[in-house]
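2 protein chains.
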Amino acid sequence: MTELKNALRRCGICIVFVAFSVVFAHAQTDPLPSWNDTAPKKAIIAFVEKVTKDGGADFVPVDQRIATFDNDGTLWIEQPMYVQLAFMIDRVKELAPKHPEWKTTQPFKGVLDGDMKAVAATGEKGLLQLMAATHAGMTVEQFHKIVTDWLATAQQPKYKSPYTQCVYQPMLELLAYLRANGFKTYIVSGGGVEFMRPWTEKVYGIPPEQVVGSSIKTKFELVDGKPDLMRLPEINFIDDKEGKPVGIIQYIGRRPIAAFGNSDGDQHMLEWTAAGDGPRFMLLVHHTDAEREYAYDRQSSFGKLDKALDEANAKGWTVVDMKADWRTIFPPQ
Amino acid sequence: MTELKNALRRCGICIVFVAFSVVFAHAQTDPLPSWNDTAPKKAIIAFVEKVTKDGGADFVPVDQRIATFDNDGTLWIEQPMYVQLAFMIDRVKELAPKHPEWKTTQPFKGVLDGDMKAVAATGEKGLLQLMAATHAGMTVEQFHKIVTDWLATAQQPKYKSPYTQCVYQPMLELLAYLRANGFKTYIVSGGGVEFMRPWTEKVYGIPPEQVVGSSIKTKFELVDGKPDLMRLPEINFIDDKEGKPVGIIQYIGRRPIAAFGNSDGDQHMLEWTAAGDGPRFMLLVHHTDAEREYAYDRQSSFGKLDKALDEANAKGWTVVDMKADWRTIFPPQ
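Protein chains in written order, with my numbering: chain A, 322 to 654; chain B, 322 to 654.
FYI, nobody ran anything at the bench for these hints, they're computed from the structure. Values in this document were obtained by computation on a predicted structure and should not be read as measured data. One or more hints might be untrue.
Note that the list lumps identical chains together, so a pair holds whenever it fits in one copy or between two copies.
[Said to hold, decoys possible] For lysine to aspartate or glutamate, the following DMTMM-like pairs were computed, each having C-alpha atoms within a straight-line distance of at most 25 Å:
hint, residue 1, residue 2
1, K481, E563
2, K562, D545
3, K424, E445
4, K419, D627
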């Protein structure tokens with residue numbers, strides 16, 4: 322028993338020492354080093370400290386600390402076009418030798434000729450044909466491999482870097498900071514859910530089961546004699562605008578307390594988040610840095626930010642001015 | 322520095338002591354005390370030890386330890402009828418005073434008269450009418466409250482207990498054992514997802530975002546001037562049979578390594594789980610205990626177990642004989 326008591330006493334000393342180290346280390350470390358000390362960083366830290374303060378008026382239990390993030394333009398680059406669109410174009414080119422008829426049939430001809438006007442003229446029907454040809458007709462696991470292989474070699478045209486390096490360092494820090502404070506972080510994107518799931522864990526620390534996105538239908542069937550899930554050329558769900566809150570309730574089953582976006586596609590998610598009880602945090606990334614990234618908002622084809630910007634200003638949501646508020650844009654190579 | 326060194330040395334002693342205590346405690350504690358020492362318990366423990374043995378041939382990284390559980394008849398009671406059906410009947414009775422026309426219109430008349438044959442005669446159309454009248458037309462959060470309030474007073478007719486106490490103690494232990502070994506546990510049920518989410522965390526330790534189920538459509542709209550999600554009288558997804566693997570890929574995005582069910586509705590989930598690479602575990606609960614619970618299988622209206630039982634026997638999946646393999650059925654009151 323004496324040995325046990327001694328061990329426990331040592332253990333007590335040890336716990337005090339460890340606790341002291343943790344507190345000391347915390348005071349020394351800036352959780353958001355790529356953010357300038359401007360209003361958005363202060364607002365983020367104030368919110369996190371408020372909801373995690375045990376016994377405080379605004380304390381939120383860990384299980385309710387749900388934070389949802391748009392992907393395109395919020396966590397990674399969406400210019401000069403959505404990454405998934407670049408994937409679709411490359412995929413049409415790769416499959417074209419097996420489809421000689423595409424040389425003379427829209428929307429495929431337009432993609433092969435780089436004539437986006439002709440593609441756009443085929444409307445929704447054309448887009449569905451492109452989706453069916455490039456995203457369906459394989460199992461989910463086969464599609465994951467196609468995406469992974471493509472991302473390993475494809476390059477963002479301005480930076481000549483893999484797309485998975487064209488992610489925003491300040492947002493990576495924000496994700497990690499929230500998780501360190503008990504938040505569960507989710508992606509809620511208009512992009513295809515299975516286009517994101519193969520790489521989000523490695524790049525953002527967000528596992529596949531915390532990715533909500535648009536989807537096509539899948540069907541249980543035997544593939545090479547084994548039960549598998551085949552991707553069908555049919556839309557299942559569009560996770561954009563009004564669809565974002567619907568996707569969140571479907572997958573997560575509760576309202577987030579914090580939501581992050583950058584375009585009008587995120588407006589409803591932020592509105593619904595804001596309308597819940599208790600402390601709330603809504604943030605929009607405004608792309609204002611033509612030199613270090615791209616500058617775009619109300620007129621952009623990709624990531625149009627217009628009505629949501631007006632609402633953010635009217636309601637006092639946090640708006641990140643990338644040029645002024647972010648010290649760095651991309652992670653060190 | 323000397324103080325730091327001393328503290329670290331003490332800390333080292335402390336860690337050894339704690340590690341020793343953990344090993345010692347582990348060796349002493351049976352993680353599945355409500356299971357008899359028969360084949361199913363041995364198979365479960367062998368599987369868990371195999372996939373968690375670092376450096377072993379069958380080691381599975383934590384992020385891939387996904388286990389999916391059916392709910393009705395696997396985690397809680399499904400006799401004399403599905404709990405959600407009992408809820409629907411009670412709900413019709415509660416709402417009936419506001420709908421005098423129900424006294425003369427099927428399927429409502431049948432529900433009010435206790436004439437289930439008349440209800441069944443209205444077929445799928447009748448069931449959809451009942452669903453629309455009882456499950457739709459309110460926000461998701463309002464529906465959660467209705468379910469919670471009902472569960473607080475409703476009683477299972479045989480045991481005169483709340484339904485949330487008619488859950489299987491051996492399965493609660495299994496859920497906890499898997500989670501203690503790094504598994505993420507999910508419900509994948511043919512039941513309504515929002516019928517389960519309000520209580521699964523408290524009862525099973527499974528949070529709302531780890532519940533996959535059947536659903537009706539929801540719509541983003543203003544309710545009393547605030548953005549909210551309204552439940553619509555329209556089926557969105559049926560999470561049963563072939564739908565279970567589809568639901569899993571949609572919500573979770575990867576194939577489980579272990580799956581647990583009790584009826585033909587779970588057959589495809591178990592088949593798809595079994596068809597993955599690496600170690601796999603498939604289990605069916607066979608209700609064989611007429612005295613302590615109910616005995617039913619191939620002819621049952623609820624939880625019919627026929628084809629899946631044949632497949633389990635043919636393929637060597639684990640089958641729990643409730644009477645022989647479970648020491649206790651329900652948690653202590």
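How the hints compare with the structure:
| no. | hint | verdict |
| --- | --- | --- |
| 1 | K481 <-> E563 | neither (35 Å within a copy, 44 Å between copies) |
| 2 | K562 <-> D545 | between (39 Å within a copy, 21 Å between copies) |
| 3 | K424 <-> E445 | within (20 Å within a copy, 48 Å between copies) |
| 4 | K419 <-> D627 | neither (42 Å within a copy, 46 Å between copies) |
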